[in-house]
Structures are given as structure tokens and as C-alpha cells.
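**Q** Following the hints, put chain B in place on chain A, whose structure we already have.
Top line first, the protein sequences correspond to chains A and B. Heads up, the first sequence is in our numbering, so the first residue is 9 and it goes up one at a time. Heads up, the second sequence is in our numbering, so the first residue is 9 and it goes up one at a time.
By construction, these hints were calculated from the structure, which means they are not laboratory data. Each hint can be trusted.
You can't tell identical chains apart in this list, so a pair holds if it fits in one copy or across any two.
Computed cross-link-like contacts, DSSO-like style, restricted to lysine-lysine with a CA-CA straight-line distance of at most 30 angstroms:
| # | residue 1 | residue 2 |
| --- | --- | --- |
| 1 | Lys-50 | Lys-348 |
| 2 | Lys-341 | Lys-149 |
| 3 | Lys-182 | Lys-348 |
| 4 | Lys-182 | Lys-157 |
| 5 | Lys-149 | Lys-348 |
| 6 | Lys-50 | Lys-341 |
| 7 | Lys-348 | Lys-148 |
So the chains spell out like this:
2 protein chains.
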Amino acid sequence: MVRVGIIGGGQLARMMIPAAITLGFDVRVFADSEDSSASVVKTTVGDYTNLQEVLAFAEGVDVVTFDHEHVPRHVLLGLIDGGVTLNPSPDALALTFDKSVMRQVLSHLGIPQPRWVIVRSDTFTQGAIEAVGGFPCIAKKPIGGYDGKGVRLIASESDIMDWLDEGPVLLEEKVDFVRELSQLSALNPNGDWAGWDVVQTSQVEGVCSEVFAPAPNLDPRMARDSRALARRIAEALGVIGVLAVELFETRDGRLLVNELAMRPHNSGHVYTELSVTSQFEQHLRAVAGYCLGSTEKRAMHGVMVNLFGAVSDEGAQSAYSMYPEIKIHNYQKSPRRGRKAGHIVAVGDDFSQILTECRRAAEIVGVHYYDEGHE
Amino acid sequence: MVRVGIIGGGQLARMMIPAAITLGFDVRVFADSEDSSASVVKTTVGDYTNLQEVLAFAEGVDVVTFDHEHVPRHVLLGLIDGGVTLNPSPDALALTFDKSVMRQVLSHLGIPQPRWVIVRSDTFTQGAIEAVGGFPCIAKKPIGGYDGKGVRLIASESDIMDWLDEGPVLLEEKVDFVRELSQLSALNPNGDWAGWDVVQTSQVEGVCSEVFAPAPNLDPRMARDSRALARRIAEALGVIGVLAVELFETRDGRLLVNELAMRPHNSGHVYTELSVTSQFEQHLRAVAGYCLGSTEKRAMHGVMVNLFGAVSDEGAQSAYSMYPEIKIHNYQKSPRRGRKAGHIVAVGDDFSQILTECRRAAEIVGVHYYDEGHE
Chain A
9 MVRVGIIGGG QLARMMIPAA ITLGFDVRVF ADSEDSSASV VKTTVGDYTN
59 LQEVLAFAEG VDVVTFDHEH VPRHVLLGLI DGGVTLNPSP DALALTFDKS
109 VMRQVLSHLG IPQPRWVIVR SDTFTQGAIE AVGGFPCIAK KPIGGYDGKG
159 VRLIASESDI MDWLDEGPVL LEEKVDFVRE LSQLSALNPN GDWAGWDVVQ
209 TSQVEGVCSE VFAPAPNLDP RMARDSRALA RRIAEALGVI GVLAVELFET
259 RDGRLLVNEL AMRPHNSGHV YTELSVTSQF EQHLRAVAGY CLGSTEKRAM
309 HGVMVNLFGA VSDEGAQSAY SMYPEIKIHN YQKSPRRGRK AGHIVAVGDD
359 FSQILTECRR AAEIVGVHYY DEGHE
Chain B
9 MVRVGIIGGG QLARMMIPAA ITLGFDVRVF ADSEDSSASV VKTTVGDYTN
59 LQEVLAFAEG VDVVTFDHEH VPRHVLLGLI DGGVTLNPSP DALALTFDKS
109 VMRQVLSHLG IPQPRWVIVR SDTFTQGAIE AVGGFPCIAK KPIGGYDGKG
159 VRLIASESDI MDWLDEGPVL LEEKVDFVRE LSQLSALNPN GDWAGWDVVQ
209 TSQVEGVCSE VFAPAPNLDP RMARDSRALA RRIAEALGVI GVLAVELFET
259 RDGRLLVNEL AMRPHNSGHV YTELSVTSQF EQHLRAVAGY CLGSTEKRAM
309 HGVMVNLFGA VSDEGAQSAY SMYPEIKIHN YQKSPRRGRK AGHIVAVGDD
359 FSQILTECRR AAEIVGVHYY DEGHE
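Chain A on its own, in the form it takes in the complex (with noise of 0.2 angstroms):
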């Protein structure tokens, strides 16, 4: 039996479980508490900025694999000297972990990304801002952000004193997009590859709101474009396991990197019910070095609409009672305004209606949120 240890217990390890009880794999999951998302299964607590505790849930396992990115690089390098298997490997993580890095890495790949600089607050200079197309411009902390946190517009240095006393600041080009994509795939130990259709996302507040999938209206030669970068950066990095490659569709019709995630992602979770694989099956088999799935489409379209707050059981009863054929996931975390706390799926032949079926229920199941006072 193979056995997969997560680090991290959020709802990315939680979404495994299912995936690896069809499969037969044993997982467990090391979290920072018992009542994370993914303690459905054995779960460990622990801190994972603590080498010995992640060693010894290690020993229990054949691979260890992550739900986010901020394993610090000094622990997953003490893994690999106490032996253990870990996909992806920490110089494909260090990408992740540190967005500056991926810049560097992505740059010398000779990969289309927005114009970048790295400043600290003694060489936040005239000539850094004019190299990434002057104010405004994007600053991001290299470290530690997820869903809009650590991203900032900025129109003045003034805007990010505070994180230029803290260390080094990411600044980036504000690309003129006309959309965000993201393109999934997965790599293999084998070296096989499979990408999925390349899928639209929209944030809100940084945050991913709704996903369509394909990306409707794709130029053909864009959704191959962001296939082979997608494949180039999994290949030449040896990233094991999904990767997630969110892009920039720029109003010159170019495709620019504008982050990636090794792992699954939330703007894959459409296709759980839209393709034969899903992202999650995907990965444990990848990361346990199976072959992987067929990533055809089981209907024309997919669309994912997120929930945040909470999803109460009232909601998603009335959300149910309108639409049978849409899928609502529940993460069981605690209410918490913003908070990332479930999604709606629906796939269909005909993109529209799936649409407003996913947005009605959403806005059902938000309305009981409202309604239980957490706001």
C-alpha cells in the first residue's frame, strides 16, 4: 500500500482523501491542529517550521507531499538527509517558497513574465521603478502571501515603507491584461505529462472568485502556448506532482507568469467534476510515482464559483433543492468573514446556464451565511 504523508491541513489536503481512498493509498496529514480540514484521516499535529517533528511523521510514510508552500527550505533539506522522498523537491519548491526566486528561476528559463525588480529600502531607486514600467506597479513580500496577501498596487514607495523595513520587496510590471488564466498539469517521475484545458479565473480582492473552464473564446494558439509553458516549466524545473501555472492573457495577445503553485490549486477544483482525473487524483498518483490519468473532459464546460465565510447546512439544503446537478464542497472550517470555506461546481454542455446555476446557488448559500449573523 502506498503511503502519502500532506503537509499542511487545509482544504488541498482534504480534497486528497478522496482521491487517495479510491486509489487505496494511505494518507495521513501533519497539521498545526486536530480539527484542521483534512483530520478526516489520521492527523498529526505539529509545527512544520520544526525539522525533528516533521521527521518523525515522515518515517511513517513511502512520500511526503504539501497543501501549501511554506515549508522553510532548511526543513525539507533535512528530509531529504534523513532519507525521505518528497515530490516536489525542495529546489522546486524553493520557487514557491520564495517569489523572488521564481523571478530569478523563470527569468533565466528565458520564460514570459512580467518586468520584475528585487528592492530594499536602500536601492528603491527612480531606475527600479522605471524598470517595471513606473507607478503604478505591483509589490509583493517574496515570502509567506497567499490569496492577496503580501501583494500590494502601489502608486509611491510610501505605500510599502512598512515591508521595506522587514527585508527585500518583489516589484512587478502592472501588466495590461484582459483576463487571468491558469493552466494545471502534472509531471510524473516517469516523466510523463498531462495538462488539463487551460482554465479563465477572476479575483476578487486578489482573491480566486469564479473559474470557467476552458477559457472561453481562447484563441486555440494561446491554449497550446500555455500548455508547452506550462510543460517547459514542470519539465526543466522537475516539478513532481501538479503544478499550477497561473498566467496574464495581455491585450497584445501575449501569455505572461504571473505565479505558480506546486500543487493542486484552487483554480483546478472545476475539474474534479469535469474531467476523468481529477487535480488531486492526479497528484498523489503523480507524487507516488503511478501513471497518470486521462485528463479528457467529461462535458463541454466547467464552472467554479467560491464560497467564502461558512457553508451552512441550511444553505447548501436550499442551494441543493434548486439545483441537483451542481456539486457543493464543504471544507468544515470555522466561519470566518473573507475565508475561503467551500466552492459550487456545475458542468454542462451549454456555458451559460451552468453559469447562472453556480452563481444563484452560491448567492443562496451566502445568504444563510448572512443570514446566521457572522456578519
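**A** Quick look at chain B alone, frame taken from chain A:
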């Protein structure tokens, strides 16, 4: 959060877990071992014939359901007396606990079924034999049988002398059938009912080996009749949850009820991939009082082939490498000759292609089993 307790730790309980994770239900299992197939989640080890143990388990959940029909009636009634919600109800379960009760109740409802008679050693008369059309006929132990166990084709009284010593035996007409069908459906406490397309099943030595969905080339009238029959049984008996009605399609164009199961059933596994809503999700939704999900198909056809003995990682790997579009479900049971260890599903619009894929994949997995010296 809806909390569902499942009595029984087999593969049916195991396969409810992925659905529970998506729905955000808390499921826990009452099983005879911590190593049961379903012990992926919190498992209480106990004896389902011991009321006190089952009562203690039930304290922590909102509703109790089952992955088998062997819980004695006094335990079920004791749970009801203890204020536990049971779905399906003890009165419904009485029919699957004791097949002679099923025959009597279905006769009372006017449901078409094979001719039957209950005999004891002192009532095993020529008249009894003639009532079921003479020898050869089918003999069934009323209680405790499954997967062909407790069922015999008999040519004389001496073939079941051992059973008659133990108690009454159910004799049934040996039906002249062209094939066996199974109608899966679900009913919730609000009276909502939903059925999947009736499937064709093949048995080898009384054990399901293959399922074709929907039943190929079935007269549309019979497809309607089988749904109507299932609905009538579910509603008349108030069977909350999934109900499987196993049917004979006779040479003279009738449908006769062979067996009932009030839980997810081997013949419904194909709908995990083929339908919008799996039987496991539907069962949980129904027993928890949720609205039912859509039973629409996502492709034209589905094939399921059971895997016996064991599913090795190597066998699954080999099969996956040839057929990336199939799904192999590994129940993680300890290897034993003849034991249901998993199943394979393929879905698509070309029936003969998916049938070939499934059968070849099953052969590949089987070869690995026998290579490992289990035979």
C-alpha cells in the same frame, strides 16, 4: 455539521467517505476491526449484535445507517427506543435481514416475484416443491447470506438436509430468465425519489462480476417498469436511502424481484463515474434528510468489472499505464481468494470499447495477483 454513523466497515462504508468529505458530513464507522476497509475515518470497534455497544456509538451521531443487513432486529429496536434515528428503519430492514419476510411482504404488495414457499423439515412436501415449479429449484437460507453464500440450486430434498436441521428454508422457482437486472434508486424523508437507469448484472457462482449501464438494448417499457417497481417498493416500505432491486428479466418479458438491498450495492458502483450523483453520495444525502442529487448520466455507457483476491499496486499501475481513462477502486482488504478486493469502471459513448478496456484491465490486475503467489 451532519454526523452520520455507519454500521459496518466494508467497502460500501469506505466508499461513502469521499461523498461525506465533499458534502462536509462527519462520518464515522462501527466495525469489527480497526483494520476494516472503511477505517480510513474514525472507527469504533465493536459487535453489531451488542445493543449497548451500538448505542454508545450512536450517541455521537445524528443518524445511523448501514453497509450490511445483518444487524438483528432487537438491536435496531433498542436503538429506536434509545432515541436514535435509523435510516433505513427497522421495519424496512426486516425484509433484507430475513428473505422469507421479504417474500411475504412483497406478495402482500402484489410485487411480481418468483414463486416461493417456506419449508421446514416437516413441511418439505411434494406440494411445496410443486408450488415452486418442481425440481430443480432455488433454496435460500432466509438469514445471513450474501454473495451467493446461503443460496443453492437443489435437485432433491437431500441437497439441503443440513439447512433444514437448522431452521426454515426459502424455496424459490428457478426462473427462466434471459438476464439479471438491478434497479438502483433513493428515497429521502421528504418523499423525494430518484432512480438511476436500470443496469444489467452478470454473476459468477452467485457473485456479481460485471455490470453494464444502462442495461443494453432493454425494451423502454421494461426500463420504465423497473423504475416504477423500485419506487413502489421504496414508498410502500418507506425505505430511506438507497434501495437496490435485483430483478430477473424473464424469457416471456416479465420483471420478477430476486433480491432487495437497502444500502449502496455492488451493481451501482458504475454510477460513481457515470452519473452526476454516486449512490454513496445519494445514500448519505437521503439518510441525512438532504435533497437528492441528479441521477443524469455524464456519458452514454458505463461498465464495471469486479476484482477478486487482491489489488496490488503493481497490478493497478500496469492497468493504468495501458488505460489512463479507467478508474480502479482498491478496497484495501487483506488478500483472499474470491474476495471482492476492488472494481474497475470505464465510461464512454462506445460500449464495446469500454467493455474491452475494463475486461483487459481486470485481467492485468488479476495476473499480478496470481503472480504474487496467492493462488
